[in-house]
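> Chain X: place on chain S using the hints.
Each protein sequence line maps, in turn, to chains S and X.
Residue numbering for the first sequence follows my numbering, beginning at 1 and increasing consecutively.
Residue numbering for the second sequence follows my numbering, beginning at 1 and increasing consecutively.
In short, the hints are calculated from the structure, not lab data.
Any given hint might turn out to be false.
What the hints assert, rightly or not - Sample of chain X residues facing chain S (criterion: CB under 8 Å; computed from the structure):
no.: 1; residue: 99
no.: 2; residue: 104
no.: 3; residue: 113
no.: 4; residue: 116
Said to hold, decoys possible - Here are the computed lysine to aspartate or glutamate pairs in the EDC-like style, where the Cα-Cα straight-line distance is at most 16 Å:
no.: 5; chain 1: S; residue 1: 239; chain 2: X; residue 2: 100
no.: 6; chain 1: S; residue 1: 239; chain 2: X; residue 2: 211
no.: 7; chain 1: S; residue 1: 33; chain 2: X; residue 2: 102
no.: 8; chain 1: X; residue 1: 199; chain 2: X; residue 2: 170
no.: 9; chain 1: X; residue 1: 228; chain 2: X; residue 2: 39
no.: 10; chain 1: X; residue 1: 88; chain 2: S; residue 2: 186
no.: 11; chain 1: S; residue 1: 33; chain 2: X; residue 2: 100
no.: 12; chain 1: X; residue 1: 44; chain 2: X; residue 2: 220
Glycine included, C-beta positions come from ideal geometry on N, C-alpha and C.
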Amino acid sequence: MITEFIQFSLTPILIGILAGISCAIPGNFLILKSQALIGDAISHVVLPGIVVAFIFTGVISTIPMLLGAAGAAIVAVLLIEIIKRLGKIEPGAAMGVVFTGMFAFGVLILEQTDTSKVHLDVEHALMGNLESLIWLKAEGWESLFDRDALSTLPDELFRITLVCGLILFLTLIFWRWLKIVTFDEEYAKTIGIRSSLISFSLVIITAIAAVAAFESVGSIIVIAMFICPPAAARLMTNKLSTQVIWSIFFATLSAIFGYIIAGYGPHWFGGENAVSAAGMIAVFSGIILMLTCLYGPYRESVGQKKV
Amino acid sequence: MSSMSDNTNTSKITPPNSALEIQGLTVSYGDKTAIFSVDANFPKASMSAIIGPNGAGKSTLLKSVIGVQPKLSGQINIFGNPIKNNLKKIAYVPQRVSVDWDFPTNVMDVVQMGLYRQVGLLGRMRGKQTSIAMECLDRVGMADLWQQQIGQLSGGQQQRVFLARALAQDAEIYLLDEPFSGVDAATERAIIDVLKSLKSKNKSVIAVHHDLATVRDYFDYVLMINIKNIAEGLINETFTNENLQSTYGGKLELAHAEELSVSIDRTTT
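Isolated chain S (complex conformation):
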């Protein structure tokens, strides 16, 4: 039983947790800057970039995917500007068209591409392949100390650990700047902080989190984790540091329970097959947000206009 859990569930849950945390941390700052949809937009726009990078390199690896995603982001910005000027429509509409259009284009070229040798298809793009990131060599907890067994851990785990560690590290180092730029960007400039550099770096970090999480967990989780855990966390506290810790906790909770319910839940109700883990993790994060909206201790203090 334990061995089976370690073989089939431990790594996917860990990857789910780390991917969730990587997205949730920048999500806190995006939400407070009223830019929550940037995470959403980025995870849509990067798809064609990732697919094109894959077509050129033939492998799924983080650096080409990041470059592809960055290229796609630049194309998106240009397209938005062109549509805004030529069509004379409002920016929100231009963005909406470009994001969904590029995502759909990504799906189209993905379908036309020979991806039989690697795990990259439309379903993968949406749902990831969390369930396949298993650790067959594991024989029990003692495998955690066995070098041979450890070397067969899925590569995705190392990559997402690296990204999650990087995001945690940068957040701790630049905490004070992030906080003041998020609260009062103009004032931050007047005390010698390069606000636009910090804001730009936040978007870059968001893109890195989106791309790294994308390869293992798919865009559905990425979109959910940028918004749900931080939004729920805001309703639990009136302190920024506590909010970030709550968001990490909620992301972790969603990954663990979402994965377990997806894998074992249907059996409890007499069903035959497991449901999509990525989908269930996203749903679970939504349920947490709903519960905090109903019962969170600070929900009344948010969004109220004071005279």
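Same frame as chain S, but now just chain X:
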């Protein structure tokens, strides 16, 4: 005509007496020129008002001085030296509506932001910084509320917190963007007392001001702008009907009526 004579007037403010000197400042938003070739020279250890109708470029002027809004051209000097390496001598108090007060933080935290430059990116806030912040809160009459969540503050209290944050910077020049807009009478009194105490300590205060009825009471010096510099100089010589007419044009009567009714409201409450 009047602007010519006033410009000669201002050239009398030489570096030892000049706090902030602006030469040929032009700023635009896209195709729209917000301020055009403005010269101004604000004296040291005094209280200066920047007045003008809506859209005259008052806030833009402050923002481009402090580097928040990029300028197309212009030279800005602080005590006779280029502003570039002297930014820390200026403290800026933005309009309180420019931020989201639902941000998860408390009063003490916001005031301590004024000390970020002093403690650096990773330096710790020690007891000394906390007591400086506390002292600044005390000066604006907010010491009791230091633990208050900022979302629970009234407009006047928000403005006082912003002023306390600027005080914590211990600057030489204080730039305030409409500090009295939408605040209660007690707060206006408290703020003006703090500003006057700054002046008495040889600090220079420059505020964008909306209420024409109080200009004479509060300030010694005035810059009247409407995209261009219309007039500037000592209140007694410059704050004249003629200059007001050229600054506000046809809008004056309306503006004046509005402002006067506001000041009447204030005296009755």
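> Hints first: check each against the structure and report whether it holds.
Going down the list of hints, with the structure as the test:
no.	hint	verdict
1	99	holds (5 Å)
2	104	holds (5 Å)
3	113	holds (5 Å)
4	116	holds (6 Å)
5	S:239 to X:100	holds (14 Å)
6	S:239 to X:211	violated (37 Å)
7	S:33 to X:102	holds (11 Å)
8	X:199 to X:170	holds (13 Å)
9	X:228 to X:39	holds (9 Å)
10	X:88 to S:186	holds (15 Å)
11	S:33 to X:100	holds (9 Å)
12	X:44 to X:220	holds (11 Å)
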